[in-house]
Amino acid sequence: MTSTIEFRKDLFADERDDTLLEIGKPTLRQDGLGHVTGRSRFFDDHHFDGLLHLRCVRSPHHHASIRSIDASAAERMPGVRKIIRGEDVPHNMNTLLSLMGFGRDDEMLIQTKRAAYRGEPVLAIVADTERQARDAVAAVRVDWEVLPHVLDVEEALKPAAPVVNDEYPNNSFDYHDLYDHQKLRFGDVAKGFAEAAHIVTGQYQMSPIEQAPTETCGAIAAPEQNGRFVCHSSTQALFFSLGTAVKLLDVPSSKLHFIGGTVGGGFGGKVDSLHEPMALLGSMLTGKPVKYIFDRAEEMQVGAPRGAELWRIKDGIAADGRVIAREFTGFFDSGAYTRLSSYAVIKGVGHMPGPYTIPNVAANVYCVFTNRTPATAMRGFGITGVDFAIERHMDKGARAVGMNPIEFRILNAYRDGDMKAHRRVAKNTALIECCQVVAGKAGVRLGAEASAASSLTGGGVGWRAEIPETVTDQAGRIGERRRAEIPLAPTGAPPGGRVAAGVRGEAVVAAPPQDADMALEAARIGHPMTAPAAAPAPQTPYPPARATVAAPPPAAPASARPATPPSTYAPAPQPPAPPPAQPETQFQRGVTRPGAPRFLSGTRRR
Amino acid sequence: MAIHKGRGFAAINYPIGMNLGGDPSQALVHATPDGKFKVTLSAIDLGQGMKSVTRQIAAETLGVPVADVYVDTADSDTGPHDMGSFASRGTHRMGNAVIRAAAEARKAMMEAAAEELEVNPADLETDGAGNINVKGAPGRAITVAATAEAAQFKQGRTLAGRGIFLIPPSKADPDTGEQTPVTCFAHAALIVDLEVDDETGEVTVTEVNSAYEVGRALNPRLVQQQLIGGAWMGLSHALWETTEPYYPARDHGAEDFNHYLMPGPGDVAPHHVSVLERPAEDGPYGGKGPGEMCANPLLPAVANAIFDAVGVECDTLPITPERVLRGLRANGGARPQGGMR
Amino acid sequence: MAKKPLTFTLNGAEASVFVEGGDNLLNVLRRGLGDFTPKYGCGQGACGVCTVLVDGAPQLSCLVLAETMAGRRIDTAASLENGPDLHPLQTAFLEGFAAQCGFCTPGMLIAAKALLEANPNPDRAAVEEAISGNICRCTGYEPIIDAILDAAAKMRGRAA
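Protein chains in written order, with the working numbering: chain A, 1 to 606; chain B, 607 to 947; chain C, 948 to 1107.
For the record, the hints were derived by calculation from the structure and aren't laboratory data. Keep in mind it's a predicted model, so treat the numbers as computed, not measured. C-beta atoms are modelled at their ideal positions from N, C-alpha and C, and glycine is treated no differently. A few of these clues could be false.
Here are the computed lysine to any residue pairs in the SDA-like style, where the Cα-Cα straight-line distance is at most 20 Å [what the hints assert, rightly or not]:
1) B:Lys777 to A:Leu99
2) B:Lys713 to A:Ala507
3) B:Lys777 to A:Lys25
4) C:Lys950 to A:Gly50
5) A:Lys396 to B:Pro942
6) B:Lys611 to A:Arg445
7) B:Lys644 to A:Ala511
8) B:Lys713 to A:Ala523
9) A:Lys25 to B:Tyr676
10) C:Lys951 to A:Asp128
11) A:Lys396 to B:Leu934
12) B:Lys713 to A:Gly447
13) B:Lys713 to A:Arg524
14) B:Lys777 to A:Arg445
15) B:Lys713 to A:Leu20
16) A:Lys113 to A:Asp70
17) B:Lys777 to A:Ala523
18) B:Lys777 to A:Ala507
19) B:Lys741 to A:Gly50
20) A:Lys25 to C:Lys951
21) B:Lys777 to A:Ala511
22) B:Lys611 to A:Asn404
Over the 12 Å line for every Cβ pair with chain C, so calculated as not near, a few chain A residues [stated by the list, open to error]:
23) Leu51
24) Arg67
25) Glu130
26) Arg131
27) Ala138
28) Asp152
29) Ser253
30) Gly266
31) Ala448
32) Ala489
Just need the whole structure built from these sequences, with the hints factored in.
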């Protein structure tokens, strides 16, 4: 038996116009013919006369200082065109997200002082053939001073741990120049645990995973006419790589011409932009076309993986099966440098507590530096590990209360109009329907209540729509950890303040079309839009500015807390959650079979 | 020694687009003299179908056949800026940029046609087959090709459009974590059936049933590719893959595909998918992005099914036979849980 | 090291190229002769994206010493088309959405061609076996298996 797929057009049919002409059609891929004829041009499928090959000398140690590098033998070897040292990189310090103004520069293209992971490049060699480049790399002698290293995230956070990354001497990314972790606080988890009938705890560990695209990461750079350089690249982000090259090589972007877009799989592993600047540098220094590509071993052990994550979850569950408090402590293993892990932490925090409506949620999540290959994006970045932890934990919760695991999810599922822990209203939800459909497919019988539940109803009422008064604390201020270990769990820290109930900022929405001509006519959008921001914001019952109230005495003095939030973020008063969206236009295309349950009708299409 | 059957469930949602926004995408659209359209981007097709989905979006918006649209990407000399293909942002961000560019080109096309037909542009409609018709006046029509020719050679008008789509950047609050992570979410729920051999610790997935809510399925076959292939990767993550099998130790790290294990063509389990389509308000034609979230529910569902089969809590990934066997040994043998009805 | 001349038949035409001792066939095809259809994926013989036919048998060109190829018949994915017409395998891969990123596709097609020439009526297990040395990271394999079975059926229909 092979796989099947069906499109349940009967569900949400009144929210969709299914009469579009091209959208929704199984049109053949534009690149299909190129793929099946082998004519699709990947970055390496371009011919360059006199193509040179670049390979790197890499650290064999987890952590070691470079006393000296002796490349004299390599220099004399046949075919060797150029030895490139870190000093040859015009601006040899970067962090990927500096292009968005996030984080501090912490990584060299070619390390000059201290290698912080096994595989870190310390020298690059350009030679006529790949084999000559490999031979020359093997002939380089590096005088290493091996240093103590740390590979475990919790060990790395201890006061006496070796410093992995000079920019972040606490071995953790600095969030908002304030804390050594990203916090999430919604309600009061301690109160929720006290009221719970069941407490469920668990710990979850993901190991590093390789993106393993069949095409390894690489780039070819070559001189173009008019003093420019072309770069054929396997990047997942053309201008990200171009911008990174501009910064590291200190050249104007007008001198660079990037070509890509046909890539042999990426899965997140081709964002790091390591190859483009290196190939360009090689080409600039030799005046020849230069290719730099990972071999498979490098792709697997030097190329950045999806980083490991460690999660601890504590749930408080009421006797009726409602999760009333959930607490996370999380550690992203960033490896030796930041790359993108710092961002994944915030994404993970925004994802909590999963697709469920829980009135009290707290999290402390750390981006930790260890002496391993830097981690980066991968399919599901920042979410996959959290979801593994949450959904393992949900099964344990269902067991604790003696419920069917699907009914337990449906009971706790978020619905349209519910307030999420990141203080935005849920809309366009469909978790319950997914649960019901898959239960039907697999023959799992749900009870009457779970079968009747809907994402469209029951949300956004009473406590579900509200932001509770929230307990905050200032544990983990940057710099504290070196003096003493700090409590890692959100509930381990003494309360430092309270944020009044109802406080939230403005939801961010897409910038409108800059010109009216760029707007698709409403009748052709294909689905109903809620009224544009025309509706005037009603008077808010909440305080006009974020209220910070000192905790009851004798808690931390109010002065310990900044009077205003330190970020540029400016909370604004908000109206209460709107009722679930009602489509303005009803499309009459439902095909629910008479008499059939809503989620068991429809047709199966192979 | 025996084979134990188990069944596991998981449900997830997934944020669509780069967290906290700040990730613009741009597109350009222009017509050739005979009424074919070029879409010029710097977006990346990694196999997910970027070239194909933007082509369909452009054709739909322009109101012309998909065969008359070609997407050219990615060349930094011609394609305007795009943040990149990651974070399930391609379809959502670039799709919207293409809609805006194509909408502007369409506006110019309709004005040019109106001038030729001597009617008001508002009275015109496209038939999606290469013609522009006067509403309610059968026979009064002009082809897109003739419109483009007239526009460029008679009227001196370009049928072109520019588009940009941006969710403006925002920040997370340091104390509460408050943020606008994204503007829409995809959803999934999934049931895995599997067998555990309590002698070898090996796990064989026998069937997967799933329901994925993806916004509008802009091209059902592209969605199918992502869901079937992505679920395969999820199974692989659950049971096979890691670069550091004894993490946090770095020993025994794989350096080739003989040691970095993934399920092969003979290890594929039948996967029965139901696709739900609840259009996202700000998605292009309601589309979200199925490419990342499709893998996620497999990991916990497999672990939950193994617990159901033999009573071993597999909370460390990947769930190798070694880990299953160690769990079985710690428990003094298999403890079947009786399953989900 | 001196280069030596090498002549073999590539996709039905005579091809000559200078090679160094130790050059592998993959590099010679790609860089020496400009046939970019076989890909580099691992250089270890473990991924299959470099698969070509040598005298009709599938071989991993990254592991084949080029200088041993003198006088042999080598076919890459560039040989599949018949003039302007696609091979039934190509049509089946295209219409069956069996290619996503397309990087493994040429090697898959070659492995499938070798199978169908040896066994025009393979069952599913035979197809799985035939492509078991070819890694695909995108599709989950099933669309590829289905496409090969589909092409086999069409080719039998045409032959009958």
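Each hint tested on the structure:
no.	hint	in the structure
1	B:Lys777 to A:Leu99	16 Å, holds
2	B:Lys713 to A:Ala507	31 Å, violated
3	B:Lys777 to A:Lys25	38 Å, violated
4	C:Lys950 to A:Gly50	16 Å, holds
5	A:Lys396 to B:Pro942	15 Å, holds
6	B:Lys611 to A:Arg445	19 Å, holds
7	B:Lys644 to A:Ala511	25 Å, violated
8	B:Lys713 to A:Ala523	15 Å, holds
9	A:Lys25 to B:Tyr676	17 Å, holds
10	C:Lys951 to A:Asp128	18 Å, holds
11	A:Lys396 to B:Leu934	18 Å, holds
12	B:Lys713 to A:Gly447	53 Å, violated
13	B:Lys713 to A:Arg524	13 Å, holds
14	B:Lys777 to A:Arg445	43 Å, violated
15	B:Lys713 to A:Leu20	19 Å, holds
16	A:Lys113 to A:Asp70	14 Å, holds
17	B:Lys777 to A:Ala523	34 Å, violated
18	B:Lys777 to A:Ala507	11 Å, holds
19	B:Lys741 to A:Gly50	62 Å, violated
20	A:Lys25 to C:Lys951	54 Å, violated
21	B:Lys777 to A:Ala511	16 Å, holds
22	B:Lys611 to A:Asn404	18 Å, holds
23	Leu51	7 Å, violated
24	Arg67	33 Å, holds
25	Glu130	8 Å, violated
26	Arg131	7 Å, violated
27	Ala138	15 Å, holds
28	Asp152	30 Å, holds
29	Ser253	28 Å, holds
30	Gly266	8 Å, violated
31	Ala448	37 Å, holds
32	Ala489	38 Å, holds
Checked against the numbered hints above, the structure breaks hints 2, 3, 7, 12, 14, 17, 19, 20, 23, 25, 26, 30 and satisfies the rest.
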